[in-house]
Amino acid sequence: MGILIRNLVTASQCTAALRKFPKKIMSRRLNASRTEGVDKNVWVEFTQMAAEYNPVNLGQGFPDFAPPQYIQDAFCEALRGGPSMHQYTRAFGHPRLVNSLAKFFSGIVGHHIDPMEDVLVTVGAYQALYCAFQALVDEGDEVIIVEPFFDCYQPMVKMVGGKAVYIPLRPKVEGGDGAMSSGDWVLSADELASKFTPRTKAIVINTPNNPLGKVYKREELQVIADLCIKHDVLCFSDEVYEWLTYDGAKHVKIASLPGMWERTVTVGSAGKTFSATGWKVGWAIGDGPLLKHMKTIHQNCVYHCATAAQEAVARGFERELELFGSSESYFRQLPATLNRKREKLAMCLESVGLKPIMPQGGYFMITDISSVEVDLNDPSTKDESYDFRFVKWLIKEKGLATIPVSAFFSPEHGKDFDKYIRFCFIKEDSTLDAAEAILRKWNTPHDV
Amino acid sequence: MNASFSFSFSAMSVAKLLPLCSRFAFRRSVCTSQCTAMVSRHGNTKRIQGLDKNVWVAFTAMAADPSVVNLGQGFPDISLPPYIKDALVQAVSVDKLNQYTRGFGHPPLVKALSQVYGKVCGRPIDHLKEVVVTIGAYGSLFNSMQALVEEGDEVIIIEPFYDCYVPMVRMAGGKPVLIPLRPKSGQKPTTSAEWFLDPEELASKFNSKTKAILINTPHNPIGKVFTKEELQMIADLCIKHDTLCFSDEVYEWIVYRGHQHIKIATLPGMWDRTITIGSAGKTFSVTGWKLGWSIGPEHLIRHLQTVMQNTLYTCPTPLQEAVAQGLLLNCELMGRPECYFTSLGEELEVKRDRLAAILREAGLSPIIPEGGYFMLADITPLSQDLSHMASDEAYDYKFVKWMIKEKKLAAIPVTAFVGEESTKAFDKYIRLCFIKRDETLDAAEAILKNWN
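If you read the protein sequences in the order shown, they are chains A and B. Position one of the first sequence corresponds to residue 1 (the working numbering), numbered consecutively onward. Position one of the second sequence corresponds to residue 1001 (the working numbering), numbered consecutively onward.
None of these hints come from the bench; they were simulated from the model. Quick reminder that beta carbons are idealized off the backbone N, C-alpha and C, glycines included. Do not take every clue at face value.
[Unchecked claim] Non-contacting residues of chain B with respect to chain A, defined by C-beta distances greater than 10 Å in every case (computed):
#1 Leu1051
#2 Lys1085
#3 Arg1123
#4 Gly1136
#5 Gly1173
#6 Trp1195
#7 Asp1242
#8 Cys1331
#9 Leu1333
#10 Thr1342
[What the hints assert, rightly or not] Derived DSS-like pairs (lysine-lysine); straight-line CA-CA distance at most 25 Å:
#11 Lys1398/B - Lys1053/B
#12 Lys158/A - Lys1398/B
#13 Lys40/A - Lys1111/B
#14 Lys1046/B - Lys1096/B
#15 Lys1351/B - Lys292/A
#16 Lys292/A - Lys1046/B
#17 Lys1096/B - Lys398/A
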């Protein structure tokens, strides 16, 4: 009996020890080296915080209101469209969807788009970007990234063994009393030209830009196009916010510039187009020879995308093609709605002494917080950059979620931009009101 | 084409050509040769060299002809369970379920998965750390390879194999090492249970470079359900050589009477080194929903999560919500005949037996599967003369193409699922899918009755 008890005790100690120090499964490396250094992710971090603290959420970029009724209806109709709606469709894109995308965008790009050759449907614009990097960027290739950038570009370049070469947009006017616009942030043509080398494979641009909201003018895109052509470089153009422009700013597709169709991959998103980010339907449009290689990645990665969601998006585009330019077009209605929210948020931020940068497009607004004096004494964040610390403090102490802007800059330039935070304004008015209430309360003298 | 080669003509001369190009109205046709040359340094990257071919592209196109009775590609033409369609319609009507959810898996879904599989595996599963939701089981296979396989690694793959296994290993930089299932020598198998891995041959495939073995049970295309002893043999080798195991179990609920699906992850010493892959598409007869999952220990799953957040970030929300509802409902019903995990297998067993009878009557020799919804048929007895087909493709490829064209019946050639060295052993087999409505099986029967 004594032996039995002793053995039981030893066994339980062993189990406890194993749980505390799990045995090493393999003496050699377990995870592939492509996963090294790409495990941190700002969205994972802040989505977790939002779930934990339940703040007024102007952080992650998604609407907190419904998609337009007709698109929800389109999905339900698709689901009732017979058994084939629930089974595999064409791997590179559901025929009805690629046909409607090709038809819709041919006129805008000014180039005939072949639905079977020039379009690839992906799981969100995110996967379209992934396919572009994997298919077209080899180890050792350089990729120019314009800062601030949607954060996934950097790890995607890293995972293919590419070298990211950064160039920041810089404000033309330093300080000043007037409200700044995203249009005041520009690339230096000389600085940009200096970034192109014989190893440059591609440049990634995002217009309208997240987080800044800049809408590149035709002349600005021409400067980039000239360099792409001169150096025989590809352009990955992330245009997910293409329908959201304000103050008469026009969205221009770089693929429509002379000599650019053959070297541009244009990425779009149903999630952003139809305010249904959870559908995860996106696409890449570009010349067949480029898309061909992206299809090879796609067929070895996910192969098919969900059928019914694609059918619904197709119906959405068919409707929008008919209503294009009219007041009933969602592509007119949404920017009109968001423009009002944009102005409301800007006024609110200014009234509490913050300095927002008015975005010409997209649904984000960045704000300079350098005038705010606050004691960030949270030891758990002491090694992080100022804006990260500020945002975490704002969530925990004030119940308001935003996103730190240095997350959208390279490590080398991040510290120059760590006094900005990003607000998302594609939110119900009640959410914006709640945010305003928090900011006003905070602004009153006795409350720091 | 190697992307690192550059072309000899100068970029400047190309730049001079371009303004000329843009002046022409038919820009595309005039510029094609210059423009193609201009961007031809932008060929495919090394990682996908030679991976562009795909059996489905060829055969799906051929079978798409509506006059062809399609027993080829593996998808149901039977209806999905109505409650799962309703769950999706309901989910789409909830505003916030149309927006992003948690990247590694929608909370209700990962909780439901941990519940179902916790029950099945007999161990608690952490829904946040030991589960990741992917775009189909296909996406799980991809995540596993990208997360855990790289250059210098070997991955053992059992033939016949679901065709994406080899290109996925290669895209990750790994080296596929193949080992065929074989019938006992001298014997003609009539069921999937008569195909085996030779223990010595299997042991010889393991070496210090072996990173993982990829198994599939129930097996596509043969329908074999690996026994506990067979899985133990594989497990022993994994433990001895300290390798991982990727277990593709998408057909886990489709197992016929007298057989039991065993999860290799439940064998001693295997949980810590196994990724188990499942599929909503196969579980609920909704292949077009493209949702799957990987379940395993945290120290492996976290690397799959890293891949996920750098490839597509998150899976569609309403679909995940609906699958969660379906899983919870059936978890309650587990062990009862109304449970879809049981009833689907029963429904399919009838179809399995029916197809086998139809094939026998037509003079083909079916291999009765123990699980899954595919059946191999040995086409040797037909002695079909295909000498008029000039290509150097394997016999089964020619046979299937001929059968689609002449008989309007589609199947899939089994050599699509094997490496070159095993072609001769499998080129007299075709694969037929029987998760089809009675009308489809009736039509197939009519064709096979009138074969001669």
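Now the hints, each set against the structure:
| no. | hint | in the structure |
| --- | --- | --- |
| 1 | Leu1051 | violated (6 Å) |
| 2 | Lys1085 | violated (6 Å) |
| 3 | Arg1123 | holds (13 Å) |
| 4 | Gly1136 | violated (7 Å) |
| 5 | Gly1173 | violated (8 Å) |
| 6 | Trp1195 | holds (27 Å) |
| 7 | Asp1242 | violated (5 Å) |
| 8 | Cys1331 | holds (22 Å) |
| 9 | Leu1333 | holds (21 Å) |
| 10 | Thr1342 | holds (21 Å) |
| 11 | Lys1398/B - Lys1053/B | holds (18 Å) |
| 12 | Lys158/A - Lys1398/B | violated (44 Å) |
| 13 | Lys40/A - Lys1111/B | holds (24 Å) |
| 14 | Lys1046/B - Lys1096/B | violated (41 Å) |
| 15 | Lys1351/B - Lys292/A | violated (39 Å) |
| 16 | Lys292/A - Lys1046/B | holds (14 Å) |
| 17 | Lys1096/B - Lys398/A | holds (24 Å) |
The structure fails hints 1, 2, 4, 5, 7, 12, 14, 15 (numbered hints given earlier, in ascending order).
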